[in-house]
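Asks: Residues per chain, in single letters:
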Amino acid sequence: MINSDTIWRDLSAVREKAPLVHNITNFVVMNVTANALLALGASPIMAHATGELDELLGIVSALVLNIGTLDACWIESMGTAAAAAGKRGVPIVLDPVGAGASRLRTETSLRLIQIQRPAILRANPSEILALAGASGATKGVDSLHRPEEAGEAARRLAKQWGCVVVASGATDFLTDGTTDVRISGGTAMMPRITGMGCTSTALVGAFAAVSASPLQAAAAGMAVMKVAAEMAAEKASGPGTLQVHFLDALHNLTQDDFVRRLGAVKDGGALVLSAKGAAAYQPRAKP
Amino acid sequence: MINSDTIWRDLSAVREKAPLVHNITNFVVMNVTANALLALGASPIMAHATGELDELLGIVSALVLNIGTLDACWIESMGTAAAAAGKRGVPIVLDPVGAGASRLRTETSLRLIQIQRPAILRANPSEILALAGASGATKGVDSLHRPEEAGEAARRLAKQWGCVVVASGATDFLTDGTTDVRISGGTAMMPRITGMGCTSTALVGAFAAVSASPLQAAAAGMAVMKVAAEMAAEKASGPGTLQVHFLDALHNLTQDDFVRRLGAVKDGGALVLSAKGAAAYQPRAKP
Amino acid sequence: MINSDTIWRDLSAVREKAPLVHNITNFVVMNVTANALLALGASPIMAHATGELDELLGIVSALVLNIGTLDACWIESMGTAAAAAGKRGVPIVLDPVGAGASRLRTETSLRLIQIQRPAILRANPSEILALAGASGATKGVDSLHRPEEAGEAARRLAKQWGCVVVASGATDFLTDGTTDVRISGGTAMMPRITGMGCTSTALVGAFAAVSASPLQAAAAGMAVMKVAAEMAAEKASGPGTLQVHFLDALHNLTQDDFVRRLGAVKDGGALVLSAKGAAAYQPRAKP
Numbered sequence: 001m002i003n004s005d006t007i008w009r010d011l012s013a014v015r016e017k018a019p020l021v022h023n024i025t026n027f028v029v030m031n032v033t034a035n036a037l038l039a040l041g042a043s044p045i046m047a048h049a050t051g052e053l054d055e056l057l058g059i060v061s062a063l064v065l066n067i068g069t070l071d072a073c074w075i076e077s078m079g080t081a082a083a084a085a086g087k088r089g090v091p092i093v094l095d096p097v098g099a100g101a102s103r104l105r106t107e108t109s110l111r112l113i114q115i116q117r118p119a120i121l122r123a124n125p126s127e128i129l130a131l132a133g134a135s136g137a138t139k140g141v142d143s144l145h146r147p148e149e150a151g152e153a154a155r156r157l158a159k160q161w162g163c164v165v166v167a168s169g170a171t172d173f174l175t176d177g178t179t180d181v182r183i184s185g186g187t188a189m190m191p192r193i194t195g196m197g198c199t200s201t202a203l204v205g206a207f208a209a210v211s212a213s214p215l216q217a218a219a220a221g222m223a224v225m226k227v228a229a230e231m232a233a234e235k236a237s238g239p240g241t242l243q244v245h246f247l248d249a250l251h252n253l254t255q256d257d258f259v260r261r262l263g264a265v266k267d268g269g270a271l272v273l274s275a276k277g278a279a280a281y282q283p284r285a286k287p
Numbered sequence: 001m002i003n004s005d006t007i008w009r010d011l012s013a014v015r016e017k018a019p020l021v022h023n024i025t026n027f028v029v030m031n032v033t034a035n036a037l038l039a040l041g042a043s044p045i046m047a048h049a050t051g052e053l054d055e056l057l058g059i060v061s062a063l064v065l066n067i068g069t070l071d072a073c074w075i076e077s078m079g080t081a082a083a084a085a086g087k088r089g090v091p092i093v094l095d096p097v098g099a100g101a102s103r104l105r106t107e108t109s110l111r112l113i114q115i116q117r118p119a120i121l122r123a124n125p126s127e128i129l130a131l132a133g134a135s136g137a138t139k140g141v142d143s144l145h146r147p148e149e150a151g152e153a154a155r156r157l158a159k160q161w162g163c164v165v166v167a168s169g170a171t172d173f174l175t176d177g178t179t180d181v182r183i184s185g186g187t188a189m190m191p192r193i194t195g196m197g198c199t200s201t202a203l204v205g206a207f208a209a210v211s212a213s214p215l216q217a218a219a220a221g222m223a224v225m226k227v228a229a230e231m232a233a234e235k236a237s238g239p240g241t242l243q244v245h246f247l248d249a250l251h252n253l254t255q256d257d258f259v260r261r262l263g264a265v266k267d268g269g270a271l272v273l274s275a276k277g278a279a280a281y282q283p284r285a286k287p
Numbered sequence: 001m002i003n004s005d006t007i008w009r010d011l012s013a014v015r016e017k018a019p020l021v022h023n024i025t026n027f028v029v030m031n032v033t034a035n036a037l038l039a040l041g042a043s044p045i046m047a048h049a050t051g052e053l054d055e056l057l058g059i060v061s062a063l064v065l066n067i068g069t070l071d072a073c074w075i076e077s078m079g080t081a082a083a084a085a086g087k088r089g090v091p092i093v094l095d096p097v098g099a100g101a102s103r104l105r106t107e108t109s110l111r112l113i114q115i116q117r118p119a120i121l122r123a124n125p126s127e128i129l130a131l132a133g134a135s136g137a138t139k140g141v142d143s144l145h146r147p148e149e150a151g152e153a154a155r156r157l158a159k160q161w162g163c164v165v166v167a168s169g170a171t172d173f174l175t176d177g178t179t180d181v182r183i184s185g186g187t188a189m190m191p192r193i194t195g196m197g198c199t200s201t202a203l204v205g206a207f208a209a210v211s212a213s214p215l216q217a218a219a220a221g222m223a224v225m226k227v228a229a230e231m232a233a234e235k236a237s238g239p240g241t242l243q244v245h246f247l248d249a250l251h252n253l254t255q256d257d258f259v260r261r262l263g264a265v266k267d268g269g270a271l272v273l274s275a276k277g278a279a280a281y282q283p284r285a286k287p
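Protein chains in written order, with our numbering: chain A, 1 to 287; chain B, 1 to 287; chain C, 1 to 287.
These aren't lab readings, by the way, just hints derived from the structure by calculation.
Ideal Cβ positions, reconstructed from N, Cα and C, are used throughout, including at glycine.
Hints may be right or wrong, so weigh each one.
As the list claims (entries may be wrong) - Facing chain C, according to a computed beta carbon distance under 8 Å, are these residues of chain B, among others: (1) Ser-102; (2) Thr-194; (3) Gly-238.
With the sequences and hints as input, model every part of the structure.
Replies: Given below as C-alpha cells:
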C-alpha cells in the first residue's frame, strides 16, 4: 500500500540519486519547476533543440512534457523527445495544459500520447474531461471542474492508454484504471501562484525516475506538493511568500514532518492520503 | 471622477469576475506578470501559437501585448492576436518595450497599433517620445526621461490614435487626450526589479476587462501598483523581498488599505492621485 | 593586485555608470539574471532578434551569451550578436551551458568562440574539460568535476583563446593563462537554486563593462557572488528564501560588508580571495 513510509523512501531515493529530469515545458514556469526539482533533490535539464534530444534522452531518467506555451517548434521538440524517450524506456509525464481551451492543445496532447504513451498524465479536471471527449467546457488553463467530476473520465483514459491519470485539485484524484488514490491537503492559496500544477507534474517526473510504479510515483509527487504547501502556508502571508517558503519546505522536509502530516486510510476501494493526517479524514461521496 | 472608491469597485470586480487576460509578452516577465494577475484576482493566459489565437481571443476579456523580447515569430503572433481582438471587440493594452532603442521595436509598435488601435498604451517616457517621433534618445529599455516631459507627446498620441496613453515613472502621467491623471507614490526601489513596468501593463489589462472606461482602467492599474508597492516597501529590505511582498500586498489589499492610502485632488484640469494620501499632495509644474 | 578594494571600486563604478549589459541567455534564468544585474546596479537588456542586434550592440557595454536553452534560432542570434560585438569592441562573456552533454552544445560553444573570441569564459569544470577535448564525461548541466581538476584545461584554453577562463565551484578557479585566482566562500546551498552559475556569468558581464582587465572583471563578479551568497545564507532558511535574500544582499552590499568579508592572500603564484576573510585561509594543494 502507498503510504507516508513508501513515499518517504521514494523521496529519499530522489535526494540520494539526484535523477536527471528532462523538461520540455512552458516559458512561464521553467524557472519555477527547475527550482522545485532542485529543492526536492533532483537535477533538472531544460533543453528542446531537436538536434540534441536523442543524446540527452540517453542520460536522463524521466521526461516531463508540458504544452503550456506550445507552438509549431515546441510541438516538434516534444514529439521528437517523446519518440526518443519511448525508444530508450524513459518514463514520460505529460501535462496537457489548456487541453479543451483550443483545438491545437487537445490535438497536440493526443498526438503526443500517440507517439509514445506517457507513464503518467497530470492534468486538471477540465483538461481530462476535454481529452475524454467530454463537455470540453474549459475556462482557459484554469479548471472549472472539481477532480471528482473527472473521476470516471480519468479511469476510462487510464484504461485506454494504460497509464496513470492524475486529476489535480483541492483533492487530487489518481487512478491507474483499477486502483484509485485521493490526496487532500495543501492550501487554498496554491492556485494563486502560477505554475503550481506544472510544478506538481515536474515533481511527479522526479519520482517516476525512482518509484516502483507509476501510481506510486504520481502519489508521491502529489503528496509531497500537498505537504510542502501546507508547511509553506504556515509561514506565508500571501502568494509571494508562499512560493518562496514552498521551495524552502520542499528542501527542508524531514521524515518526521512527512509521516506526522500525511495520514493514509482505506475508503472502500480507494486509498485516501490526507496532509492533515489520518485523524482529519472525513468520508466523502465517491467520484 | 476617478478616485479610490471607483478604483476599489473595479478591483472588487476583478476579484469577483476573475477575467481571463490573454498575454503575449516577453520571456523575462512571463512568470512575474502571471503571478501579479493571479494575486490581483484575474486569470492569466499566456499563449502565442497563431493556430489557436482566434479561438482563445473568443474566451478572453482583454489582450496584453508586450514586445520586450520580440522576434519574427512573436511579431506575427502579436499581429494575429491584435487582429482577432479587434474583430471580437477585446480591448488591447500595448507595451512598446524599448521603442526607440531599435528601429524594429519602433516599427513593430506602430505596426501593431495600425493593425488594431489599442485601448491603452502603457510605456515609459522615452518610448512615448520615440513613438511620437521625438528625439528617440533612449537608453535601452529603461527610461532617460521623466513622465512630465512626455506629457505633450502622450496627449498628441492619445488624440491621434484615440486611445489612453500612460507615461509611467515616479509620477505616472495618464491621458485620453482631454483629461489628464497624475499618480504618485510607490517606492524608488521599483525600477530595481525587472518587469515592474510590464506588470503594470498586465494589471491595466485586467482592469480593461471590467472598468467603465479605458482611462479608469489605466488609472486603476497604475494606482494599485503604487499602493501595493508602498505596502510592500514597508516590509522589504531590498529588491528581492520587495518583489515577494508586492505579490502578497496585491493579494491582501483591503478597501481600508486602499482608501486610506490613495488620496485624490483636482489640480487645475488634472486629477492627481497620490498613494501617500491627499494630505501629502504638493502642487507641481504641469507637464 | 586584485583585492577587496579594487573590486569595491569596480562595484562602485557599476553602480554609478549603470552599464547596459546585453544578454542573450536561456529561458530558465532570464528573469533571475535581469534581477541580479539590476540589484548589482547595472542595466540589463534581453533581446535576440537578429534585425536589431547590430543597433543594440552599438549602445551596450558588454554582451553575455549563454547557450542554456539553445536552438537553431537562438544560435543564429548569438552568432550575429558575437560578430556585432567583435566589430564594435564590446567585450563578450560566454557561458557554454552543458558543453559536453551534447555535441550541439560543444560545437555551438566552439563556433561562437570562433566567430568572436570572448573576453571571459565562465563555465563549470565539466564544461571546461569538455571544451578542452578532455573526457567529456558530464552529467547534464551540473558538474561532476571540481574546479581544481579543470585547472590545467582552463589554463590551456585561456592561452589558446587569449581570454580569461573561470571554472566555478565551491572554490572558483580563474586564470588568464598566466595569473591564477582562487575564490572561496558562498554557501553550499547555491547549487540548489537554478541559474546561480548563469547569474555569476551575468555579473561578470557587468564588471567587464567597467573593470581594468578581464581577469579583474571576472574576479569581481565571482567574488561579489560569494559575498552576497554568504550574506544571504545568514538570513535564509532554504533555497527559496536564499534566492530572495541574495538579491537583497547584492543591492545592499556596502564597502564595509565587502572589505570585512573578503580577504586576499598570495599562495605561491596564485591569488586567493576568501569570502570568509583572509584569516580563514587554509593553504591547499594547487590545481
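Asks: Please verify that hint: B:Thr-194, Cβ, nearest Cβ of chain C, below 8 Å or not.
Replies: 4 Å, holds
Asks: Does B:Ser-102 pass the interface check with chain C, least Cβ-Cβ distance below 8 Å?
Replies: Holds - the Cβ of B:Ser-102 comes within 8 Å of chain C, reaching about 4 Å at its closest.
Asks: Would you settle whether the hint for B:Gly-238 is holds or violated, based on the nearest Cβ-Cβ distance to chain C being less than 8 Å?
Replies: 3 Å, holds
Checked against the numbered hints listed earlier, the structure breaks none of them; every hint is satisfied.
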